[in-house]
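A.B. asks: Modelling step: build the complete structure from the supplied sequences, incorporating the hints.
Residue numbers (the working numbering), protein chains in the order written: chain G, 88 to 471; chain E, 88 to 471; chain Y, 88 to 471; chain D, 88 to 471.
It is worth saying that the hints were derived from the structure and are not from the lab.
Worth double-checking, as some hints may not be accurate.
Note that identical chains are pooled: a pair holds if it fits in a single copy or bridges any two copies.
To be verified - Each computed DSSO-like pair below joins lysine-lysine, with the alpha-carbon atoms no more than 27 Å apart:
1) Lys332 - Lys393
2) Lys316 - Lys366
3) Lys278 - Lys366
4) Lys375 - Lys274
5) Lys316 - Lys380
6) Lys380 - Lys278
7) Lys316 - Lys393
8) Lys316 - Lys278
9) Lys375 - Lys316
10) Lys332 - Lys366
11) Lys403 - Lys316
Number of protein chains: 4
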Amino acid sequence: MIAGIIGAAGYAGSELIRLLSGHPEITGLVLASVSRPGENIASIYPNFLGPGKMKNNPALAKFGNAGSTLTTPEELVARSDVVFGALPAGTGEGYAKASLDRGISYIDLSADFRFDDDEETYRSWYGIPWQYPELHRRSVYGLPELNRNRIKEAGSPVIIGNPGCYPTAVTLACYPALAEAGGNNSKSSIKPVSAPIIAAAVSGVTGAGREPGRVQHFPECSDSVSAYKVGSHRHIPEISRTMTKIAGRTISLVFTPHLGPLNRGILATVYISLEQPPKAGSVQPQTKEAAEKETAIREQYALFYKDEPFVRVLPKTVTAATNRVRQSNYCDMSIHLDHTGSVLIVVSAIDNMVKGAAGQAVQNMNIIFGFDETAGLTAVPALF
Amino acid sequence: MIAGIIGAAGYAGSELIRLLSGHPEITGLVLASVSRPGENIASIYPNFLGPGKMKNNPALAKFGNAGSTLTTPEELVARSDVVFGALPAGTGEGYAKASLDRGISYIDLSADFRFDDDEETYRSWYGIPWQYPELHRRSVYGLPELNRNRIKEAGSPVIIGNPGCYPTAVTLACYPALAEAGGNNSKSSIKPVSAPIIAAAVSGVTGAGREPGRVQHFPECSDSVSAYKVGSHRHIPEISRTMTKIAGRTISLVFTPHLGPLNRGILATVYISLEQPPKAGSVQPQTKEAAEKETAIREQYALFYKDEPFVRVLPKTVTAATNRVRQSNYCDMSIHLDHTGSVLIVVSAIDNMVKGAAGQAVQNMNIIFGFDETAGLTAVPALF
Amino acid sequence: MIAGIIGAAGYAGSELIRLLSGHPEITGLVLASVSRPGENIASIYPNFLGPGKMKNNPALAKFGNAGSTLTTPEELVARSDVVFGALPAGTGEGYAKASLDRGISYIDLSADFRFDDDEETYRSWYGIPWQYPELHRRSVYGLPELNRNRIKEAGSPVIIGNPGCYPTAVTLACYPALAEAGGNNSKSSIKPVSAPIIAAAVSGVTGAGREPGRVQHFPECSDSVSAYKVGSHRHIPEISRTMTKIAGRTISLVFTPHLGPLNRGILATVYISLEQPPKAGSVQPQTKEAAEKETAIREQYALFYKDEPFVRVLPKTVTAATNRVRQSNYCDMSIHLDHTGSVLIVVSAIDNMVKGAAGQAVQNMNIIFGFDETAGLTAVPALF
Amino acid sequence: MIAGIIGAAGYAGSELIRLLSGHPEITGLVLASVSRPGENIASIYPNFLGPGKMKNNPALAKFGNAGSTLTTPEELVARSDVVFGALPAGTGEGYAKASLDRGISYIDLSADFRFDDDEETYRSWYGIPWQYPELHRRSVYGLPELNRNRIKEAGSPVIIGNPGCYPTAVTLACYPALAEAGGNNSKSSIKPVSAPIIAAAVSGVTGAGREPGRVQHFPECSDSVSAYKVGSHRHIPEISRTMTKIAGRTISLVFTPHLGPLNRGILATVYISLEQPPKAGSVQPQTKEAAEKETAIREQYALFYKDEPFVRVLPKTVTAATNRVRQSNYCDMSIHLDHTGSVLIVVSAIDNMVKGAAGQAVQNMNIIFGFDETAGLTAVPALF
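C.D. replies: As structure tokens, this is what we get:
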């Protein structure tokens, strides 16, 4: 099967190259760039250069010969069996339409197809109207843990709105708490109250993309951590609407992204109020009752995700860290109760370029085509 | 004036050396180590080695000759005019007593004197009883922005419980909101509701001290971010009790520390609920009303801290980052409202080794002795 | 085929797990530890934890079930078809003997089998005598670019002395220059004079292994670069003897290792004097003649390595960097002449944990067993 | 005294602000920018923002009020008592002339005044002719360890060509070896032969300045080390000509700069051949004779620099590292002989922004005006 990547010169595009070149079902790659057609991908990414004897590397062979020169998006659509769009928001609708018109699926890594038919919310946060509103009604939000069946049942061709990096980390951290509290599970240990869910996340610098800027300038971001777009990041409506769907009631979200001096990874810490804290004047460490409740919730999370190939609910002794999911499609999460026992704290870790972008897109492709869902995504995480 | 540093071989001790050697009122330093008396400080910290012509460096001259060999704590107390204790929790009470007995002040950088007379809370979190309970009644919690007058009025000799790094960053971020809401200021824009305050913070690795361990092993913490002691860190009771004092009512705190791949710095993000969020189904960006409210709160914060030499309430265009306070005693804070306008988000940044430890200790010394409060602490932050 | 890894708890061992779990010819892994038998590998490396549905990850399945508990080296040898020894120098000879006695090959990642039968040199640098000198006569130095045929012809079982990380980077950088100058190639552009070869290299911190120590303590090695074991590193005799073999005359080497704040990677810069520099008083940029000579040498290098699957001689526009070989088995090298045209400068980059350790060991295994030499090593480098 | 900084918005300019604001003889700063007059320095560098009560910070007071708005270079010259030019090569001659015409000294941090009257060499490497050749004859190369007396005797006003960062680290490492071998010291242990001096250096990313670019983009330079401008860097002629002056004979230099993932610091490793290496076939560790020779050379270096306030010849147990000179004006150097005893290896470390730029400029100012040479430069290095 031939996979096409529009936006191959960007970071998400380069990560798709890396993952798809090792995918057992992909026999060739077609790469395109809107702004740089005609260039060789290895002149942009010399890490993709072939060795003297390239034929010995089957991964390189997939894109190292015919595929190595960037083509135009139009030609790419004509030559591919599935298309990945790794483009800025507001620029991919036309390629989605062209793909569908040709009868092939389009997996979009931008925000364009993450809002079903809710153009108003999209436009109020992204400032761009939709060109083909009817396409959006045919799209599926590609969070497999939530929508696996919808993706399977959508039928080909389909448009996938691949989730954002922060939404993936935050939503997976909240999903069991919100779903299980939905009235159906009377034995659930998790009973969220109606307070807003607070989510703080730290992202690596690759999240800001390939274009150099002051914020990503090494001397001004290394050895430092900062917050940005506090309470106003565009991923807020994406997360809120998914949470609201899961819970079956309006969920209010407060979200603060931070930038840390790391290449890859997102660590999200999510606070879900379960009940009012006790009024006691003195502050004591976690009680035995709270510890037992914490254990029960951890087990409930583990049970909830037991069949998921890429979610790891960590044992009590391990707290989530981004280096344990490096270059893998895993979402790790550790489960904690605060010292008063009234707030559930879930810490989740993903690789923003894999589960937060290219890996999840490959996972969606696997589901669409009925491949093993882990195909091309079985690499063990590299701790360092 | 001669300053003594017990625990000079640790990181907080070495930072005290760095700051006090440039202090205009300090004419000499005496260094002591409980475990390594007799060693030369420059064999532990070769960055403190003197050049060929040491007499030209007045900073080095303060400790480079007689002071360069580590002495015992007992001898240090006998030779000093003020004593800094940079020791593990539970080990400094004896030196505090010896200092007071000699009539000199003791500034303690551990947690031992941060709880006034509340031995129960200290013991339940630190697991150590107090040896000299009466000393604690004579101690003052050394957060100058809160207790400047208490420190001035305590009279010499005094024991200062120098605040923890996280408590400094979190408490200063909440102080105006909690103080101004205390009923006295009916025009305040800030009206916290009774929900718990959520605080997430990222710390640099120096916070874990000088002893090598797996968590601080470069290959396992660089290029990664993680959480630790989630909801159970020992700084929780310290922060809670100060907040409760400020607010005049019980404040519940949920606190999660994180470790980031940076040497110095703490970035704390604090969420203070002002009211219930609107129930509206769709999620919209910040409204004009919310933006005005945000501006009003920022101005209220700026006014609150207008006479503070080390607190900078940042303009709207700047968000707090640790590299802008590097090696300075500043606490920077940026003020934000979430998109619904119902949660106040304050992001504060300090250098954990300066305002979070040694610098604040020097600031306390300046207050005790009536020096200019900024003496020895005027260095402009080094962005990189 | 079942592969056994003795020393699986160390960094080289963990990297072997990562690579071999994705190797198409390996059906199972047996892991052993001398000091920690009985522990589960995932309690040491939580990145290796299985997800809920582990059966979906064929990589984990190879060691996630029976193989997940560390066994003893003795039992490992009994259960494996090939054994990798990732142990400190001086501790693996017995396991090599046991493997050979059982008729299986032993690939040693320590320095023990890198010196053929030259026990004197080994002992003078490592301070340890050999227990089984006869084993060493049956060993082959496993630098495939140099000894591929010797490895193939050795017959099974064989002992491989897998090269050190610095020796791999430095030797590959010098190999064409020394080999081509050996009298056989009268048209060579490269004519080294008898001056010592100078090699400077920077290594990532994983090179120092998993045990925490002051040198690898984040606050004392991050954001800093240092030299160590200047002119006295144990890799000197290993490199010298290989160079001398290649050149057919005694080659003198001066080598300085440095430590840089990166996890993985070695960048080696090697200086080979081609002739005496001109005596001209004024210093001018590279002349046209020198530029042409540089191009000729680059082409000669490219030709020399044209059939190598893992050596990339970079085009003129690209200079070697460690991030372009990250997590791959490549050795990149860029070719330069100094401004006077008299010194050849080769900059080579490897991933110290892959081509400098585990990857090269897998490459050697592939050669021994007649697998495709790139099997299990085809992953495209991850730039970040 | 009022100091003016042209190019205050660049990194070297910002470092001059940091150092001069703490200088006891400087009472005010005037800041100028060629491209951004009218902007406030704190909008470019928010780390320079004043706190609420700025008057308490005497350092900020120097530039925080009148001086905080960037003026034009012309106005700056009119208002200053000494001018620092922190500008790109080829743009500062006019300001040097204007300063001299006004009777005030000009300290140039670019390469423009580092070549005495040798315009040909400057032009062949920098590609720019001189506008005022006569100015260059009045300039002094500002390496105080070499030219202290020339600077003192030049008389005011003077133009100082402040040395480059690499030239400072490399030249100081070679100075004793080349000077002592000059025939005058028959008892010297150091007898360089006529082979080229090889210098390899790793620099932090601040060396590339404030403008974002791909090379300094965090995801492409963090966790990686690379070489650049191999054998062709513009600092080569600057270093060569100084070495040649010191030695009294033509010294050939081969120089390779590298980029490492650190903010500040240069580590230079310099190889000086003392004699032909022995021809012995086997490679042995350093002999007792070589160790004694190494000690003698170290002592000779220490003696050579004994009166220097900023050069530290390290004891045998300490090897140079950039974090031990962080934010200080020190040049550390460790002295080694290779294992054969025939090549002297000197490793030197500086902070590229201090001794390699702004600090050395301040040191030159101190010499010109007869201040204590360490004034404003006494801060103890911050290890982290």
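A.B. asks: Now tell me if each hint is right for this structure.
C.D. replies: Each hint, compared with the structure:
1. Lys332 - Lys393: Within. Shortest intra-copy distance 22 Å satisfies the 27 Å Cα cut-off; inter-copy 46 Å does not.
2. Lys316 - Lys366: between (34 Å within a copy, 23 Å between copies)
3. Lys278 - Lys366: Close inside one copy (19 Å) and across copies (19 Å); limit 27 Å.
4. Lys375 - Lys274: Classified as within; 20 Å inside a copy, 44 Å across copies.
5. Lys316 - Lys380: For Lys316 and Lys380, the Cα distance is within 27 Å only across copies (17 Å; inside one copy 35 Å).
6. Lys380 - Lys278: within (12 Å within a copy, 33 Å between copies)
7. Lys316 - Lys393: Between copies only: 26 Å across chains, 35 Å inside a chain, cut-off 27 Å.
8. Lys316 - Lys278: Answer is between; shortest inter-copy Cα gap is 23 Å, intra-copy 30 Å.
9. Lys375 - Lys316: between (39 Å within a copy, 17 Å between copies)
10. Lys332 - Lys366: between (33 Å within a copy, 15 Å between copies)
11. Lys403 - Lys316: Close across copies (11 Å), not inside one copy (33 Å); limit 27 Å.
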